[in-house]
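What follows is the residue order along each chain.
Number of protein chains: 2
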Amino acid sequence: MKLLNLSQIEDIVTAASKEELIQCIESAFIALSDGSATVPPVGHLGFTDPPGDVHIKYGFIKGNPYYVIKIASGFYQNQLQGLPNNNGMMLVFNAKTGESECMLQDEGYLTELRTALAGAVVSKHLAPKVIKAIGIIGTGIQARMQLELLSWVTDCKTVYAYGRSSEKLAQFCEEMIEKGFDVNSCDSSAEVAQSCNLIVTTTASQEALLSAEDINPGTHITAMGADAPGKRELSSDLLAKADLIACDSKEQCIDHGEVYHALKDGLIEESSLVEIGELISKSVDRSPDAITVADLTGIATQDIMIASFVLAHR
Amino acid sequence: MKLLNLSQIEDIVTAASKEELIQCIESAFIALSDGSATVPPVGHLGFTDPPGDVHIKYGFIKGNPYYVIKIASGFYQNQLQGLPNNNGMMLVFNAKTGESECMLQDEGYLTELRTALAGAVVSKHLAPKVIKAIGIIGTGIQARMQLELLSWVTDCKTVYAYGRSSEKLAQFCEEMIEKGFDVNSCDSSAEVAQSCNLIVTTTASQEALLSAEDINPGTHITAMGADAPGKRELSSDLLAKADLIACDSKEQCIDHGEVYHALKDGLIEESSLVEIGELISKSVDRSPDAITVADLTGIATQDIMIASFVLAHR
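Protein chains in written order, with our numbering: chain W, 1 to 314; chain B, 315 to 628.
Same shape as in the complex, but just chain W (with noise of 0.2 angstroms):
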């Protein structure tokens, strides 16, 4: 079985085309909307001593020559021992005869790539046409990404940004400073909303840090915490307030998005959500007072299609 490490598939995705790499995740969201994905359900192994998770990811869409396994792991007190928390593989194996094609040791990268690829792809297809200024909420490394990979779809290097750590805040100002965006520093989600009309979450958060009062008119949201139950970022009622409300996959977003909270608390109907999928085909047409919002929870046709994309570009 052949291997890629990190450093491999790096040098792979900067050498790819932007062009391509979005379209790879448009393509990923389309698979799921147009039933050519076949998606099982994740497998989940979950342990007490130490604590730690493991998710196994897989599925394969129809046409696409492989089918994909990740597993991804985080023991919560690696770091204790000096070790990353957060261990992850993709398993390539050809879709016609189950041979194994390679295997990518990427800890991990592919799905932050994937992941900032889908909020460009979300902005691409339904932000407004004129971004005044791009909110960023969370200062990890999803949300680097993100406003890195805005980077591709939009001129704006116009950005404010919030975190609840006033250190990493500050680190993350600075560093995207040096990256040539034009950053400021806020004390609030709420300071973040009022001067942006594109705005992206990127948090671990379990309560919502923005609501429908903190949105200007006119403005698009793109949420990407919601990865799992217990985890939100936007409140009911923002939610309610929104004229449209897209889901990467509607199963995993009433499940558990941001999308399964204001449905629980009766503020949304199911009938009126759409699958990003389904937008991108066609175009998406804002009034210009319109509020949008995107509830990503990540999906595994993501995983199929950047793997792919690597083997395919190696």
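It cannot be assumed that every hint is accurate.
[Said to hold, decoys possible] Here are the simulated SDA-like pairs of lysine to any residue, each with C-alpha atoms no more than 25 angstroms apart in a straight line:
#1 Lys443(B) - Val588(B)
#2 Lys96(W) - His358(B)
#3 Lys2(W) - Asn400(B)
#4 Lys376(B) - Pro51(W)
#5 Lys316(B) - Pro379(B)
#6 Lys96(W) - Ala518(B)
#7 Lys96(W) - Gly422(B)
#8 Lys564(B) - Glu270(W)
#9 Lys376(B) - Lys62(W)
#10 Lys376(B) - Lys96(W)
#11 Lys124(W) - Ser211(W)
#12 Lys410(B) - Asp53(W)
#13 Lys316(B) - Lys62(W)
#14 Lys96(W) - Val588(B)
#15 Lys438(B) - Tyr423(B)
#16 Lys62(W) - Gln395(B)
#17 Lys376(B) - Lys124(W)
#18 Lys96(W) - Val356(B)
#19 Lys62(W) - Tyr390(B)
#20 Lys2(W) - Asp367(B)
#21 Lys2(W) - Pro398(B)
#22 Lys96(W) - Ala542(B)
#23 Lys2(W) - Val588(B)
#24 Lys332(B) - His627(B)
[As the list claims (entries may be wrong)] Derived Cβ-Cβ restraints for the label pairs, each shown as a range:
#25 Ser479(B) - Val274(W): 53 to 63 angstroms
#26 Asp53(W) - Ser502(B): 52 to 62 angstroms
#27 Pro229(W) - Ile326(B): 37 to 47 angstroms
#28 Ile326(B) - Lys179(W): 34 to 44 angstroms
#29 Asp367(B) - Ser7(W): 34 to 44 angstroms
#30 Pro355(B) - Gly180(W): 44 to 54 angstroms
#31 Val42(W) - Asp579(B): 30 to 40 angstroms
#32 His44(W) - Asp541(B): 22 to 32 angstroms
#33 Glu421(B) - Asp34(W): 33 to 43 angstroms
#34 Val274(W) - Asn399(B): 36 to 46 angstroms
#35 Ser165(W) - Ile326(B): 44 to 54 angstroms
#36 Ala626(B) - Glu270(W): 29 to 39 angstroms
What the hints contain is simulated information worked out from the structure, not anything from laboratory work. Backbone N, C-alpha and C fix where the C-beta goes; we use that ideal spot for every residue, glycine too.
Place chain B on chain W using the hints.
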């Protein structure tokens, strides 16, 4: 990640003692029955063009240093291209940190081995004390391995064998005679059963090959074949006649083992089933005329234990 290929794995197994290997699979049965194993439902991907199946089996045993993910595929038209139909690997991870420890590229060998060891373990604990003759129904790789590993637990070398293809049967007999067995070729399953008080069925049959009337008092039968819905080797009346029905996993046997058919026909009761893991810890007293049946569907703890064994002995 470290890799072990088939030949390296075979060397490790060959160097190990028979007692250790038998004990390894005894522990697998016990772990399944005493609640120390966590074995989620098997993951499955089904392909149609060309037809193929991928199974992902995974789990861990409390106190074991590893968790194991086994990926096994069968693409049934591979042979037309001169490729093996079946592929398999086991991935071994550290159960305390999630770090990948080793990839066992065993090409399915460890599954054959743990299956044959399971047969030997069952005979050690359930077969009559004095084996007059061993019956083997089936002529494939697993039939060969079952017979070879039975010699680890009994001195009997007298064998009666039957298989549907007379050509494959002749080849089986010839090979096993070379290995020191006294093998008699039979014209039917019933003819095998006439002479033997230990019978192993190891076929892909979808119909019963042995009925109650074929079996002499004082016989043990191990049925290996029913590892998926639709398969069976023993008639329901044979299970009804048995004094003991031992399952590797009650849950799996009820779902798709020999037991499934006899339950469906209303000829046995769920309450009469026992698990092999429960029997191993106590000694089983067979009356001289007892008929006993073991229904083996294959259990993930065997994969976990055999993979852990290879890692511990590398």
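Structure-based check of each hint:
1. For the hint linking Lys443(B) to Val588(B), the alpha-carbon distance of about 20 angstroms falls within 25 angstroms, and the restraint holds.
2. For the proposed pair Lys96(W) and His358(B), the alpha carbon gap of about 16 angstroms is at most 25 angstroms, so the pair holds.
3. Between Lys2(W) and Asn400(B) the CA atoms are separated by roughly 19 angstroms; this keeps the pair inside 25 angstroms, and the hint holds.
4. This hinted pair checks out: Lys376(B) and Pro51(W) have alpha carbons roughly 13 angstroms apart, not beyond 25 angstroms.
5. Distance hint between Lys316(B) and Pro379(B) is fulfilled; the C-alpha atoms sit about 16 angstroms from each other, no more than 25 angstroms.
6. Straight-line distance between C-alpha atoms of Lys96(W) and Ala518(B) comes to about 23 angstroms, which keeps the hinted pair within the 25 angstroms bound.
7. Simply put, Lys96(W) and Gly422(B) have alpha-carbon atoms about 18 angstroms apart, close enough for the 25 angstroms limit, and the pair holds.
8. Annotation: proposed proximity of Lys564(B) to Glu270(W) is violated, straight-line Cα distance about 41 angstroms (limit 25 angstroms).
9. The hinted pair formed by Lys376(B) and Lys62(W) fails the criterion: a straight-line CA distance of about 39 angstroms is larger than 25 angstroms.
10. Annotation: proposed proximity of Lys376(B) to Lys96(W) is violated, straight-line Cα distance about 37 angstroms (limit 25 angstroms).
11. Restraint check for Lys124(W) and Ser211(W): the C-alpha separation of about 24 angstroms stays at or below 25 angstroms, so the hint holds.
12. For the given pair, Lys410(B) sits about 11 angstroms from Asp53(W) by alpha-carbon distance, which is consistent with the 25 angstroms threshold.
13. As the CA atoms of Lys316(B) and Lys62(W) are separated by approximately 32 angstroms, the hinted pair breaks the 25 angstroms bound.
14. Proximity of Lys96(W) to Val588(B) is assessed by CA-CA distance (about 41 angstroms); at most 25 angstroms being required, the pair is judged violated.
15. Taken as a hint, the Lys438(B) and Tyr423(B) pair is honoured in the structure, with Cα atoms around 22 angstroms apart against an allowance of 25 angstroms.
16. Pair hint Lys62(W) plus Gln395(B) holds up; C-alpha atoms about 22 angstroms apart against a cutoff of 25 angstroms.
17. For the proposed pair Lys376(B) and Lys124(W), the alpha carbon gap of about 48 angstroms is over 25 angstroms, so the pair is violated.
18. For the proposed pair Lys96(W) and Val356(B), the alpha carbon gap of about 21 angstroms is at most 25 angstroms, so the pair holds.
19. The suggested pairing of Lys62(W) with Tyr390(B) holds, with an alpha-carbon distance near 19 angstroms, which does not exceed 25 angstroms.
20. Restraint check for Lys2(W) and Asp367(B): satisfied, since their Cα atoms lie roughly 22 angstroms apart, inside the 25 angstroms limit.
21. For the hint linking Lys2(W) to Pro398(B), the alpha-carbon distance of about 19 angstroms falls within 25 angstroms, and the restraint holds.
22. The straight-line distance between the Cα atoms of Lys96(W) and Ala542(B) is roughly 22 angstroms, inside the 25 angstroms bound, and the hint therefore holds.
23. A distance of roughly 45 angstroms separates the Cα atoms of Lys2(W) and Val588(B); the hinted pair therefore is violated under the 25 angstroms criterion.
24. The hinted pair formed by Lys332(B) and His627(B) meets the criterion: a straight-line CA distance of about 13 angstroms does not exceed 25 angstroms.
25. A hinted range of 53 to 63 angstroms holds for the C-beta pair Ser479(B) and Val274(W), which are about 57 angstroms apart.
26. The beta-carbon spacing between Asp53(W) and Ser502(B), approximately 53 angstroms, falls within the hinted interval of 52 to 62 angstroms.
27. Roughly 42 angstroms separates the CB atoms of Pro229(W) and Ile326(B), a value that falls within the hinted 37 to 47 angstroms.
28. A beta carbon spacing of about 50 angstroms between Ile326(B) and Lys179(W) contradicts the range 34 to 44 angstroms that was offered as a hint.
29. Here the CB-CB span from Asp367(B) to Ser7(W) is close to 35 angstroms, well matched to the stated 34 to 44 angstroms.
30. At roughly 49 angstroms, the beta-carbon separation of Pro355(B) and Gly180(W) lies within the given 44 to 54 angstroms, and the hint holds.
31. Judged by the Cβ atoms, the range 30 to 40 angstroms given for Val42(W) and Asp579(B) holds: they are separated by roughly 37 angstroms.
32. Checked against the hint of 22 to 32 angstroms, the pair His44(W) and Asp541(B) passes, with Cβ atoms roughly 24 angstroms apart.
33. Between Glu421(B) and Asp34(W) the CB atoms are about 36 angstroms apart, so this pair conforms to the stated range of 33 to 43 angstroms.
34. Taking the beta carbon of each, Val274(W) and Asn399(B) are about 43 angstroms apart, inside 36 to 46 angstroms as hinted.
35. Judged by the Cβ atoms, the range 44 to 54 angstroms given for Ser165(W) and Ile326(B) holds: they are separated by roughly 49 angstroms.
36. Restraint check, Ala626(B) to Glu270(W): a C-beta distance of roughly 51 angstroms breaks the suggested window 29 to 39 angstroms.
Violated hints, in rising order: 8, 9, 10, 13, 14, 17, 23, 28, 36; the structure is consistent with all others.
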